[in-house]
Amino acid sequence: MYNRIYILHFPKNTSNEPIIYQLVKQYDVEFNILKADILPQRDGLMILELKGTKANVVKGLEYLEERGVKVERLAASVRRDDEKCFQCGVCTGVCPVGALSLHRPDMAVLFDPDKCTGCSLCVPICPVRAMELSLGQDALTEEIGS
Amino acid sequence: MSNIQKTYEEINARIRSGEAVVVTAEEMVDIVRAKGPEQAAREVDVVTTGTFSPMCSSGAFFNFGQMTPTIKASKVWLNKVSCYAGLAAVDAYIGATEPTEDDPLNKIYPGEFRYGGGHVIEDLVAGRKVFLEAKAYGTDCYLARKMQKEVTLADLPYALLCNPRNAYQNYNCAVNLSDKTVYTYMGMLKPHCRNANFCSAGELSPLLNDPHYQTIGMGTRIFLGGGIGYVTWHGSQHNPNVPRTEGGVPRKPAGTIMVQGDLKQMSAKWLRGVSIMGYGNTMAVGIGVPIPILNSKMAAYTGVSDADIFTQVIDYGYDYSNGIARNYGEVSYAQLKSGSIEVNGKQVPTAPLSSMVKAREIAETLKGWIRDRKFLLNQPAQLLPDADMIGGEGSKK
Ligand code: SF4
Ligand code: SF4
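Residue numbers (our numbering), protein chains in the order written: chain A, 601 to 746; chain B, 1348 to 1744.
For reference, chain A alone in the conformation it holds in the complex (with noise of 0.2 Å):
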């Protein structure tokens, strides 16, 4: 399963298609909005979880992009600094998809980046800040919070 984090843009004039039920129903993609910001005549902004299998997600973000929408992905932003990563083990707690793991038995832990959809949640969490939000993401992060 396929499982990443997605911001799109939406320019003014998108065609009033259903875009979001389109993709669900052509390409059998689970989505997840995790905001939403789209008002008429204006630009718009979605942030979306896709879940699917990679070959459908990766059509159905070509869907979106052929009917104007401009698709950044919201994942790899999230990158460990194996420098500062002290190897504790208790961001394998929070990771909601196992992109951080143990490995058994000499426990060591793991970082799959493909897993990774960037959900932030083991930022906080590690003691010495060894997961860290990329640049461009903070700049992303400012423009959907403003």
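The set of hints was computed from the structure by calculation and includes no laboratory data.
Glycine is no exception: its CB is placed at the ideal position from the N, C-alpha and C atoms.
Treat the hints with care, as some may be off.
Said to hold, decoys possible - Simulated coverage check for chain B against chain A, where a stretch passes if three residues somewhere in it have a Cβ under 8 Å from a Cβ of chain A:
hint, stretch
1, 1387 to 1401
2, 1475 to 1488
3, 1535 to 1546
4, 1655 to 1665
5, 1681 to 1687
Mind docking chain B with the ligands on chain A? Use the hints.
Okay, now just chain B with the ligands, sitting in the frame of chain A:
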């Protein structure tokens, strides 16, 4: 065959001649299992242990040198972290859990506690500049009222890591049975017992390998913060009077050690400032204790494995903060490290707070030091108090 007995002198002589057999506490598990304690004691001279995790009750004494006119500081800050200055003119103590003075603490709940005493110590050891500020009321012999300067560890005439309580022998497994998330020193605990956190290196942990303190005491030379330090007393809250397994291992938090060492030879890799969400800041300390295998009993003790070490499941949602002594079962470290335990008939996922990878690295480092003849064992002047030495629950009456 007579029972094997070795002295510290004999073991040190073997270390000096490069003949000593040194293994880590993890390696010792298999050796004792395969050969039995008597044979293991013949073959192995020293077992090295290690632990690396947040350890409260840590800090450092430092002297910051005089200036002209001279000062008798009564308030001292390093990078805005308040130090205790009621010692002498330019002596102070910085505690690991002291936050910066303007930290929002838990006003925005749960607080982040980004910087504190532990971070100052890490910065110093890393060679970074730290801003020192001192205030004084002024006396005839010490005229100055304030001092401000940037200092590095090298500038300080004296810096001593001095941790009154480290290396807890066993620790609770924490859950939260209440219906709201709690942020504790054992990490974030989800409501209705949806996760369990634990904090011990288990079979690698120093005091779990010498459960009755037969080799650890005042003067034991140890790996401390990447350098060499000493056990200088039993730690605060040292409590040998707890229920134990047949093998003598405490089933709940028990012994502790006080440790000291020259901060200037330590490394920022093994002294790390840490921030625990909603709780506060502290410092992760790396400690490794070498255990001389004086006889088969010490071999048996150091052969302890995660399956033989048990701890209690404690509720941090209500019981702990209300002083209720109650547990929700006992679990072994083998179970805890497997990733899930059973509490009240339900499977609960577990996560560690103590780094096994770093604990192993410390035990290996110490092993290397001893093999390279850079580190000799020091016989303690006095052992840590055992159960019959301090009165209370579980003591022999
Ligand atoms: S941001 Fe952290 S908690 Fe969230 S999925 Fe990625 S690794 Fe896991
Ligand atoms: S909580 Fe931080 S330091 Fe600990 S294992 Fe996770 S990323 Fe590493």
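Status of each hint after checking the structure:
Coverage of the stretch 1387 to 1401 of chain B by chain A holds [criterion: at least 3 residues with CB-CB distance below 8 Å; count 3]. By the rule of at least three residues with a Cβ nearer than 8 Å to a Cβ of chain A, the coverage given for the stretch 1475 to 1488 of chain B is violated, with 0 such residues. Figure legend: the stretch 1535 to 1546 of chain B, annotated as covered by chain A; annotation consistent (3 residues with Cβ-Cβ distances under 8 Å, at least 3 required). Look at the stretch 1655 to 1665 of chain B against chain A: 0 of its residues bring a Cβ nearer than 8 Å to a Cβ of that chain, fewer than three, so the hint is violated.
A count of 3 residues in the stretch 1681 to 1687 of chain B with a Cβ less than 8 Å from any Cβ of chain A is obtained; the coverage claim is therefore met, three being the minimum.
In this structure, the earlier hints numbered 2, 4 are contradicted, and the remaining ones agree with it.
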